[in-house]
Amino acid sequence: MKNRKLEEQIFNALMLASTLIVVGSLLAVIGVVIVKGAPALSLSMITQTSNGGFYLGGAGGILNAIIGSLYLISASISLAFVIGLPVALYLNEYAARSKSADVVRLCLDVLYGVPSIVYGAFAFTLMLILGARASLLWGIITITLLIIPIMIRGIDEIIRTVPSKLREASYSLGASKLQTAFNVIIRQILPGIVATVLLALGRGIGDAASVLLTAGYSDSIPTSLNSPVATLPLAIFFQLSTPYPEAQERAYASAIILLGIIVMLSLSARFCTSRFSKFVIR
Amino acid sequence: MFFAHEGMNKQTKNALASRLMQSVTILVSLFIFVMIFVLLLKAEPLLASKPIFELLFSSSWHPSRGEFGFYPFIIGTLTVTCIAMLIALPICFLAAIYVAEYATGRIRAVVNSMIDLLAGVPSVVIGVWGVLAIVPIIKVVGTDAGQATTGYSVLAGGIVLAIMVFPSIISVSQEVLRSVPVSMREASFALGATKWQTVKHVVVRKSLPGIIAAMILGFSRAFGETIAVLMVVGNVPRIPSSIFQPAYPLPALIANNYEDVMSIPLYDSALLFAALLLLLVVAGFTLFGRLILVRLQRRSV
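Protein sequence lines correspond, in order, to chains W and A. Numbering of the first sequence is given in my numbering, commencing with residue 895 and proceeding in unit increments. Numbering of the second sequence is given in my numbering, commencing with residue 11 and proceeding in unit increments.
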């Protein structure tokens, strides 16, 4: 009996310690980056582009990378949404409970797990085959491919929670599957769609490995789809790779900016989710 | 009702839309095969010129001499991933049980939202943290232990990776734990079992396959992670003799060398072969893990 009590206490302590390690590692990451990066954080970081001597420790900022990331992600998100939404709707409204829908889901799960460097290598290969050069366009293609599975599986999971009674009510009023999908289901899952889009946004904006191979890098803001584009994660990566302490410190500051964008995204996800909940029939 | 006002009748529209959505769905699900096919196509020249055994098990990596031995890179990837899993598995297992079974509603909500936030931290930021915090600590600890080390090591890569796989393993495990019916727990309590006995003999036993699936998915996530590992692992193409030694994982090989592919023959083929290896291993593990979860779900419905 005494042994049992002891075992119970040991495991309680271990479980608590493990949870603290998980939570603590998040706090450690954020804490260290903020402490190290805050001194180098300045307004010019977000208002100036990286001109010539920036990576040698000279003046300048990472506006080109911030704008580059925003261009890249807004185009990719829109494309992935336009491709992903119909697939998620099809899986649930047209192919519901079919074997083939399960197979499609499995394919998407495998795609979801494919490392971003492989997406990068794949897009890079297409680039080589077509004789294209690294550019905003290819960055958009890469990130779109990367987030399509996230988008579809996210929306898919949400549609699955829509009660079938809602569909039946719509059908009984004579609505077609298409009308039901776009007038009833979408309204019902709006909060979930917003949350999924923002999840995909976070994943897409934070990814470095895939765009390393396909988006190129540039010190100025891209002027066309064919110009190379800087992204925030790569700006951090390249600044850190320089041997100059000033540039390295600005890498930490850039990491704070990226973290700030991610936190803003997740906060707005919460806000939108509660905002759009008013369309949901309970 | 923005679909009902035009001339075309609603059946035709429905049929058309159905066809269109079906085609997009088929295209999207074929994409994984397209990816494998294209990578295979580009890796073919290398596979044709060298026996696969030599590619996988030779340690001689001299692209300019036409020698492509992937062994050190494969071992590098496996070492870093295994260290990460050794760290992450027990921690995730215990933390998932705590959050799912013991924590009160409020603590659970706080911990889970922090786990979600951790999942959203970009890998490059975790890499920055690794360079700032983990590498210097390992340098000190390693030197104290009598090992010459710069701190950039497989251990640093493993720690950084472990943190990156925490969220996915814990989230999936929690879901599996929560799917164990309350009535089973109550039956155990009714027999006089304590909370821990119930967790150990009923909840964990019942959800073990699902937790294993969560771990497999975590493994495949760790296997292909690039930037964060690349930043702290040292990138020396040698088989590490201790955890304080550097290594050179496959994803880092691709990321560091893609720019030079045009100047050396077969080099592009070699890097895309590395990508193909990553893809096949990860796809295999993901498929395996998912199938376990799908089977579990079907049983519980």
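Since the hints were derived computationally from the structure, they do not count as laboratory data. Just so you know, these numbers come straight off a predicted model, no measurement behind them. For every residue, glycine included, the Cβ atom is placed at its ideal position computed from N, Cα and C. Some clues are possibly wrong.
Simulated pairs of lysine-lysine, BS3-like, Cα-Cα distance not exceeding 27 Å [unchecked claim]:
1. A:Lys205 <-> W:Lys896
2. A:Lys23 <-> W:Lys1071
3. W:Lys993 <-> A:Lys205
4. A:Lys210 <-> W:Lys899
5. W:Lys1071 <-> A:Lys210
From the derived model, a few chain W residues whose C-beta atoms are all more than 12 Å from chain A [what the hints assert, rightly or not]:
6. Arg898
7. Gly925
8. Thr943
9. Leu979
10. Val981
11. Tyr984
12. Ser1066
13. Ser1104
14. Ser1112
15. Asn1120
16. Ser1121
17. Gln1133
Just the calculated beta-carbon pair ranges, DEER-fashion [unchecked claim]:
18. A:Ile36 <-> W:Glu1140: 24 to 34 Å
19. W:Gly918 <-> A:Cys92: 45 to 55 Å
20. A:Ile36 <-> W:Ile1175: 49 to 59 Å
For each hint, the structure was consulted:
{"no.": "1", "hint": "A:Lys205 <-> W:Lys896", "in the structure": "holds, 16 Å"}
{"no.": "2", "hint": "A:Lys23 <-> W:Lys1071", "in the structure": "holds, 10 Å"}
{"no.": "3", "hint": "W:Lys993 <-> A:Lys205", "in the structure": "violated, 40 Å"}
{"no.": "4", "hint": "A:Lys210 <-> W:Lys899", "in the structure": "holds, 14 Å"}
{"no.": "5", "hint": "W:Lys1071 <-> A:Lys210", "in the structure": "violated, 47 Å"}
{"no.": "6", "hint": "Arg898", "in the structure": "violated, 7 Å"}
{"no.": "7", "hint": "Gly925", "in the structure": "violated, 9 Å"}
{"no.": "8", "hint": "Thr943", "in the structure": "holds, 20 Å"}
{"no.": "9", "hint": "Leu979", "in the structure": "violated, 9 Å"}
{"no.": "10", "hint": "Val981", "in the structure": "violated, 5 Å"}
{"no.": "11", "hint": "Tyr984", "in the structure": "violated, 4 Å"}
{"no.": "12", "hint": "Ser1066", "in the structure": "holds, 15 Å"}
{"no.": "13", "hint": "Ser1104", "in the structure": "violated, 9 Å"}
{"no.": "14", "hint": "Ser1112", "in the structure": "holds, 15 Å"}
{"no.": "15", "hint": "Asn1120", "in the structure": "holds, 19 Å"}
{"no.": "16", "hint": "Ser1121", "in the structure": "holds, 18 Å"}
{"no.": "17", "hint": "Gln1133", "in the structure": "violated, 10 Å"}
{"no.": "18", "hint": "A:Ile36 <-> W:Glu1140: 24 to 34 Å", "in the structure": "violated, 53 Å"}
{"no.": "19", "hint": "W:Gly918 <-> A:Cys92: 45 to 55 Å", "in the structure": "violated, 23 Å"}
{"no.": "20", "hint": "A:Ile36 <-> W:Ile1175: 49 to 59 Å", "in the structure": "violated, 32 Å"}
The earlier numbered hints that this structure contradicts are 3, 5, 6, 7, 9, 10, 11, 13, 17, 18, 19 and 20.
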